[in-house]
Amino acid sequence: MRVWFALAAMVAGATSAPAAEGGEDQEGDPIELAPVQVTAGRAEAAATEVPQAVTVVTHAQIERQSPQTWTDLLRGQAGAFVQASGPGQGIVIVRGLKGSEVLHLVDGMRLNNAFFRNSPSQYIALVDPYNIERVELQRGPGATLYGSDALGGVVQILTPEYRFHGDAWDSAGKLRLQYGSADLSRIARAEGAVGNDTVSFAGGYTVTRYGERDLGDGGREPLTDYLARGYDAKLLYTPADAHEVMLSGSFFEYPKLARYFDVVGGPGGAGDNVQSYFKPNDRQFIHLRYRYRHALGPVRGFEAHLAQQVIDDERLRQPNSSRIDTEQNRSTLTGLTLQAYTPLTQSLHLQYGLDLYSDIVDSAKQRTPFSTGVTEPAISTYPDGARQDTQGVYLNAQWWVTPDWQLDAGLRYSRVETDLSENAVSDAAQFSDDDVTWQLGALRRLTPQLSWTATAARGFRAPNLFDLGTLGPRSGSEAEQVNVPNTDLQPETVTSIDSGLRWAQGRVRLELTAFYTDYDQRIEAREPTGNTIPEGELGCSAPDGCVEVQSRNIAQARYWGIESAARWHAGSFSSYAVLNWTYGQELRSGEPTTPANRIPPLNGQVGVALDLAHALSVEAYILFAGAQQRLDDDDRNDTRIDPEGTPGWATLNLRGVWQVRPWLDLQVEGRNLLDQAYREHGSGVDAAGAGLMLGTTARF
Numbered sequence: 001m002r003v004w005f006a007l008a009a010m011v012a013g014a015t016s017a018p019a020a021e022g023g024e025d026q027e028g029d030p031i032e033l034a035p036v037q038v039t040a041g042r043a044e045a046a047a048t049e050v051p052q053a054v055t056v057v058t059h060a061q062i063e064r065q066s067p068q069t070w071t072d073l074l075r076g077q078a079g080a081f082v083q084a085s086g087p088g089q090g091i092v093i094v095r096g097l098k099g100s101e102v103l104h105l106v107d108g109m110r111l112n113n114a115f116f117r118n119s120p121s122q123y124i125a126l127v128d129p130y131n132i133e134r135v136e137l138q139r140g141p142g143a144t145l146y147g148s149d150a151l152g153g154v155v156q157i158l159t160p161e162y163r164f165h166g167d168a169w170d171s172a173g174k175l176r177l178q179y180g181s182a183d184l185s186r187i188a189r190a191e192g193a194v195g196n197d198t199v200s201f202a203g204g205y206t207v208t209r210y211g212e213r214d215l216g217d218g219g220r221e222p223l224t225d226y227l228a229r230g231y232d233a234k235l236l237y238t239p240a241d242a243h244e245v246m247l248s249g250s251f252f253e254y255p256k257l258a259r260y261f262d263v264v265g266g267p268g269g270a271g272d273n274v275q276s277y278f279k280p281n282d283r284q285f286i287h288l289r290y291r292y293r294h295a296l297g298p299v300r301g302f303e304a305h306l307a308q309q310v311i312d313d314e315r316l317r318q319p320n321s322s323r324i325d326t327e328q329n330r331s332t333l334t335g336l337t338l339q340a341y342t343p344l345t346q347s348l349h350l351q352y353g354l355d356l357y358s359d360i361v362d363s364a365k366q367r368t369p370f371s372t373g374v375t376e377p378a379i380s381t382y383p384d385g386a387r388q389d390t391q392g393v394y395l396n397a398q399w400w401v402t403p404d405w406q407l408d409a410g411l412r413y414s415r416v417e418t419d420l421s422e423n424a425v426s427d428a429a430q431f432s433d434d435d436v437t438w439q440l441g442a443l444r445r446l447t448p449q450l451s452w453t454a455t456a457a458r459g460f461r462a463p464n465l466f467d468l469g470t471l472g473p474r475s476g477s478e479a480e481q482v483n484v485p486n487t488d489l490q491p492e493t494v495t496s497i498d499s500g501l502r503w504a505q506g507r508v509r510l511e512l513t514a515f516y517t518d519y520d521q522r523i524e525a526r527e528p529t530g531n532t533i534p535e536g537e538l539g540c541s542a543p544d545g546c547v548e549v550q551s552r553n554i555a556q557a558r559y560w561g562i563e564s565a566a567r568w569h570a571g572s573f574s575s576y577a578v579l580n581w582t583y584g585q586e587l588r589s590g591e592p593t594t595p596a597n598r599i600p601p602l603n604g605q606v607g608v609a610l611d612l613a614h615a616l617s618v619e620a621y622i623l624f625a626g627a628q629q630r631l632d633d634d635d636r637n638d639t640r641i642d643p644e645g646t647p648g649w650a651t652l653n654l655r656g657v658w659q660v661r662p663w664l665d666l667q668v669e670g671r672n673l674l675d676q677a678y679r680e681h682g683s684g685v686d687a688a689g690a691g692l693m694l695g696t697t698a699r700f
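Going by this note's numbering, the sequence shown opens with residue 1, and the numbers climb by one from there.
Certain hints may be false.
[Stated by the list, open to error] Here are the simulated lysine to any residue pairs, SDA-like style, with alpha carbons at most 25 angstroms apart:
id	residue 1	residue 2
1	K174	R64
2	K279	R330
3	K174	L235
4	K279	D362
5	K174	R220
6	K279	I379
7	K174	G695
8	K256	Q275
[Stated by the list, open to error] Here are the simulated distance ranges between beta carbons:
id	residue 1	residue 2	range
9	A409	F700	26 to 32 angstroms
10	P377	E535	17 to 23 angstroms
11	P528	G173	43 to 49 angstroms
12	P239	A698	32 to 38 angstroms
13	A409	P543	58 to 64 angstroms
14	A698	R444	19 to 25 angstroms
15	W400	A428	37 to 43 angstroms
16	F700	D167	20 to 26 angstroms
Calculated from the structure, these hints are not laboratory results.
From a predicted model like this one, the values you see are computed outputs, not experimental measurements.
Glycine included, C-beta positions come from ideal geometry on N, C-alpha and C.
All chains, please: the whole structure from these sequences, using the hints.
Below you can see the structure in the form of structure tokens.
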């Protein structure tokens, strides 16, 4: 406990500071340019030049890491808390919100689909973690630019694009190999590209194999081994300076992934299944983008995206010794987005556009009793053939009142139409939700070194198919539950404000942001209806029957907190620190105030890096989290969480990179060197114990 209190004291009042634009400081040390981001305004801008709070994980940072899932890249970053329900899974909690309460994008297109849960969801991890150029996190509502789901924030994954210069054909590529002892991981990534300044074609393949995880107790944990693989291709065509066309395709899959906590359970109780697997889960994505960069009347830039994402969620579950259940769920999400940019004056710019998405869900389930061996159709988890369509139009203005004072204002109208087919317990239903969202932002340079930022925004989330139509067993609780549909749900809304300070002078970069969020009409899953489902009905396997639950608009919630970090750079030496704190309360009519669900503990990281020579660098860092004893009823009934709370923890880690040749790097990393036994709050499996990672990257 003393460890993380000491760490908190070291980093209090600081945040991960994007460096200011510039060339060199007064003593000639190079100054890192502020990372570019596109999420906050749907256009490229330095992270320091927008009012919104933004975290950027750069390509250089990604190259030093070896993530199991892409969400690991945000661990220890400002405004983010990462947890995993099991191996090969991960989510990012932003300002206390998670799952479908945070919008996830890949190259500008929605990853969130109609059966995203407002809880940990394995679909978030269905993106190749070794095919990422950078990750951006806008902290706070982004519904004005992006529509439904962007309540806590917007996370965007941007994939690499190979660009060549000159008429002559050229080529480039990379091979990455690595091994990890704690999880017996073997990872390989190969990619290559050919092209010139007119056209380029790139392709890549990733395969990762993880063995049973060493939890630091001398043994290895069963059901933590798995295989993941993915491939991708991307074509860039620039026939003239004004035009660019991009066509990409990717596929990523887990052929068989155990739902660890479903079988093994956790500190909150035993698992309730003999076996439970995602078998398989995969994501297919094809994306066409067109950019026009020159003037066309008042328009100075135009961009169009057309994409289709298909997520397959197939499962095998053996709840007891009498039967096996299998199911197949598929979301086919097709999206079209258009956006344009118009400078009305030198100081007033407009950005506007529209988004159209249509998601069709196919769902089927089968049951095979061991007594007969005959597979029979069962009631599907979602209404088969259900559909959810989303339309939105938006306008955002940026006004530079003076060179040191910028104001942003935006407005959006959204409409979500849902068509539910008939199922075993409810009739077919059609309904729609409309909403208007807005945002205001200000950025003021108080001195050449100090800037003040403030934003206010309204976000909304229309209930999706998971909220409205889920039918069947819910795992992860002490008492066996069966969910039934609820078509009377209303949209959730948030109103959020934040304010912050950014400091950049010489070698020091600081950022501090405080936020407050008011969450209304919160949809709570697993709300008991007072009914009991008999054994054998709707998938119930409990001899005494199952608790009937459904999603309901029950609660209001309030969240407030601080996101902070700092960086100090001095020649070959640098240090950094991050500290995040979130507090959440839930309010129900006529009941006492209670803690909000799944609130992260105090968390962050602190580290130092040193370039020992031109080709050798070392970095030591500590990741930490405090104890979390503020639990709501769902947390206390969750088998993944100790009902007494999650203890605090801290891990010591050390990595080194040696550039053997200009084209060849060797990397060594020791993780959790003190062999700390711990579990990140809300996770479904303990973290790995002490381990060594060895890797090499060859570029050609």
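### Query
Is it true that A698 and R444 lie within 19 to 25 angstroms of each other by Cβ?
47 angstroms, violated
### Task
Could you check the hint for me, namely that A409 and F700 are 26 to 32 angstroms apart, CB to CB?
48 angstroms, violated
### Message
Can you confirm whether the C-alpha distance between K174 and L235 stays at or below 25 angstroms?
### Response
At roughly 17 angstroms apart (the allowed maximum being 25 angstroms), L235 and K174 satisfy the hint.
### Task
Please work out if K279 and D362 have their alpha carbons no farther apart than 25 angstroms.
OK: K279 and D362 at ~16 angstroms, within 25 angstroms.
#### Entry: Pair hint outcome, K279 versus I379 [Cα-Cα no greater than 25 angstroms]
19 angstroms, holds
### Query
If you draw a straight line from the CA of K279 to the CA of R330, is it 25 angstroms or shorter?
13 angstroms, holds
### Query
Does the alpha-carbon distance linking K174 and G695 stay inside the 25 angstroms limit?
Answer holds: K174 to G695 is near 13 angstroms, not above 25 angstroms.
### Query
Going straight from one Cα to the other, do K174 and R220 come out at no more than 25 angstroms?
Violated. K174 to R220 sits at ~33 angstroms, over the 25 angstroms cutoff.
### Query
Between F700 and D167, is the Cβ distance one that fits in 20 to 26 angstroms?
21 angstroms, holds
### Message
Given the hint of 17 to 23 angstroms, is the C-beta distance from P377 to E535 inside that range or not?
### Response
Given about 19 angstroms between the Cβ atoms, the range holds.
### Pairwise hint evaluation, Q275 against K256, where the allowed Cα distance is 25 angstroms at most
Holds: K256 and Q275 sit about 12 angstroms apart, inside 25 angstroms.
### Task
Using the beta carbons of P528 and G173, state whether their distance is inside 43 to 49 angstroms or not.
56 angstroms, violated
When the structure is compared with the earlier hints, violations turn up for hints 5, 9, 11, 14, 15 and for no others.
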